[in-house]
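Trainee: Heads up: the protein sequence lines correspond to chains A and B, in order.
Just so you know, we're using my numbering here: the first sequence kicks off at 2 and counts up by one.
Just so you know, we're using my numbering here: the second sequence kicks off at 41 and counts up by one.
A few of these clues could be false.
Unchecked claim - Here are the computed lysine-lysine pairs in the BS3-like style, where the Cα-Cα straight-line distance is at most 30 Å: (1) K195/A with K74/B; (2) K195/A with K77/B; (3) K198/A with K74/B; (4) K136/A with K195/A; (5) K77/B with K22/A; (6) K152/A with K58/A; (7) K138/A with K77/B; (8) K74/A with K152/A; (9) K74/B with K169/A.
Unchecked claim - Selected chain A positions facing chain B (Cβ under 10 Å, derived; list incomplete): (10) K22; (11) K59; (12) K116; (13) I117; (14) Y144; (15) E187; (16) G193; (17) W203.
Said to hold, decoys possible - Label pairs and their calculated CB-CB ranges: (18) L37/A with S241/B: 35 to 45 Å; (19) G99/A with A111/B: 33 to 43 Å; (20) H155/A with N130/B: 14 to 24 Å; (21) E252/B with F110/A: 42 to 52 Å; (22) W203/A with K193/B: 51 to 61 Å; (23) N167/A with A239/B: 15 to 25 Å; (24) K138/A with N130/B: 51 to 61 Å; (25) K138/A with E238/B: 44 to 54 Å; (26) E164/A with R178/B: 40 to 50 Å.
Note that these hints are calculated values from the structure, not bench results.
Built from N, CA and C at the ideal position, the CB exists for glycine as well.
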Amino acid sequence: MIVIIDYDAGNLRSVQRACEKVGIMSEVSSDPERVLSAEKIIFPGVGSAESAVETLKKRGLDNAIVDFFQAGKPILGICLGLQILLDHTEEGNKKCLGMVSGACERFKFSDRSLKIPHIGWNDIQINFKHPVIEKIKDGDQFYFVHSYYAKLIHEEEIVSYTEYGNMKFCSVLAKDNLFATQFHLEKSGELGLKILKSFGDWNP
Amino acid sequence: MLTKRIIACLDVRAGRLAKSVRFLDTKDIGDPVKAAKEYYDDGLDELVFYDITASSDGRDIMLDVVENVAAQVYIPFSVGGGIRNVEDANRLLGAGAEKINVNSAAVQRPELISECALAIGTQNTVLSMDILKVRESREFPSGYEIVIDGGRKRASIDALQWALRGEELGAGELVINSIDADGTRDGYEIALTRMISEAVSIPVIASGGAGEPEHILEVLTEGKADAALVASMVHYGDYTVREIKEWLQSRGVNVRLRY
Chain A
2 MIVIIDYDAG NLRSVQRACE KVGIMSEVSS DPERVLSAEK IIFPGVGSAE
52 SAVETLKKRG LDNAIVDFFQ AGKPILGICL GLQILLDHTE EGNKKCLGMV
102 SGACERFKFS DRSLKIPHIG WNDIQINFKH PVIEKIKDGD QFYFVHSYYA
152 KLIHEEEIVS YTEYGNMKFC SVLAKDNLFA TQFHLEKSGE LGLKILKSFG
202 DWNP
Chain B
41 MLTKRIIACL DVRAGRLAKS VRFLDTKDIG DPVKAAKEYY DDGLDELVFY
91 DITASSDGRD IMLDVVENVA AQVYIPFSVG GGIRNVEDAN RLLGAGAEKI
141 NVNSAAVQRP ELISECALAI GTQNTVLSMD ILKVRESREF PSGYEIVIDG
191 GRKRASIDAL QWALRGEELG AGELVINSID ADGTRDGYEI ALTRMISEAV
241 SIPVIASGGA GEPEHILEVL TEGKADAALV ASMVHYGDYT VREIKEWLQS
291 RGVNVRLRY
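Okay, chain A solo, but in the shape it has when bound (with noise of 0.2 Å):
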């Protein structure tokens, strides 16, 4: 079973549809103890990173997904579930979980027809070949909706690359077990659904 985090963060319905869609078995639990317990973990979210940490540690979630990563259990972050599992973030200047080098910025663009958030289709460069991902091709396109984005201190977790402007950030993250999106990839058609699949088929 598939345990999707609830952490009042968004909309975790469509995260769950998808994976009816594609054929996964998953349940919504904000129970720290159904989350040790599940084969897999998604961590999805939207909205701000500041209330969404500190629900993280009130519903005692954040030492629970620490525990699963160094369980060595699969784990899928999408969106704000990417950012939050760096050393920072930016937005509120929050302390985040730590398990992946680096911290979260906000856009700062001079020119003014670059939009914040950062909100459409985009495509990702790749860096390096990863399981999750062996379906998708460079240059395919995802839905991305954020305004804060990854600055990672170890390349060698930065699967893959986007730009927006003249920014290049990191659209997808892999560490170990760890696996993560800023793309929605629920909301990014049937490439993000393949995505979904290759996660619940992934054996770390």
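Given chain A, work out where chain B should sit, using these hints.
Mentor: The following block gives chain B in isolation, referenced to the frame of chain A:
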């Protein structure tokens, strides 16, 4: 590189499409769920549903439509029409919508925008504006006025000032719907779209007037829109979503063609 989005707009009344929609190889012409699926399969980037039902019964039917669309369509979609408070917004999001569009109720009570932004996130809060061209004056320095209640009532608010206020209150995107251009199929209101897009730092979706792919090209380049809303031109089968996108690509507009 970020692509320009093509968004299809579907008006729904009591669970059925308000305009009869003609599809190339389907017989059911009024089912919004089926229409959504067709466009999705054809590479549409995003969907907007406007619930033009007045009754509360109709609202529940709309929730069913949203549920059914969400079960088949894996691209973002928003719902607008009659959203008056955070509870309305949450119900639609719970049913599977990605974003909500507020319009008249936000003009009457601007805090609705900040309440939604706080509860469901700025990026999910879209401010939709119906706009009428008027004479430039002290009251309307931009030469455009906001209208509400489906274009029936003038709001005595300058359109540009309302756009800036909406951004400040926490709207994540703006829909610029020109009442003058709406339904004409003569092209978008370019000057209006450009003026607002240059003034705000959030994405702008142009709406009203699309009849030909050239119109979309014009509003995405000269009009500086980030996305274009289409209705009749795809509903009546004049163009498919794919045809529009391929043509735009051939004219140098970056669009999503891999799906």
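Trainee: Decide, hint by hint, whether the structure agrees.
Mentor: Verification of the supplied hints:
no., hint, in the structure
1, K195/A with K74/B, "23 Å, holds"
2, K195/A with K77/B, "18 Å, holds"
3, K198/A with K74/B, "25 Å, holds"
4, K136/A with K195/A, "7 Å, holds"
5, K77/B with K22/A, "14 Å, holds"
6, K152/A with K58/A, "23 Å, holds"
7, K138/A with K77/B, "25 Å, holds"
8, K74/A with K152/A, "24 Å, holds"
9, K74/B with K169/A, "38 Å, violated"
10, K22, "7 Å, holds"
11, K59, "18 Å, violated"
12, K116, "4 Å, holds"
13, I117, "6 Å, holds"
14, Y144, "6 Å, holds"
15, E187, "7 Å, holds"
16, G193, "6 Å, holds"
17, W203, "20 Å, violated"
18, L37/A with S241/B: 35 to 45 Å, "42 Å, holds"
19, G99/A with A111/B: 33 to 43 Å, "37 Å, holds"
20, H155/A with N130/B: 14 to 24 Å, "39 Å, violated"
21, E252/B with F110/A: 42 to 52 Å, "32 Å, violated"
22, W203/A with K193/B: 51 to 61 Å, "55 Å, holds"
23, N167/A with A239/B: 15 to 25 Å, "22 Å, holds"
24, K138/A with N130/B: 51 to 61 Å, "38 Å, violated"
25, K138/A with E238/B: 44 to 54 Å, "36 Å, violated"
26, E164/A with R178/B: 40 to 50 Å, "44 Å, holds"
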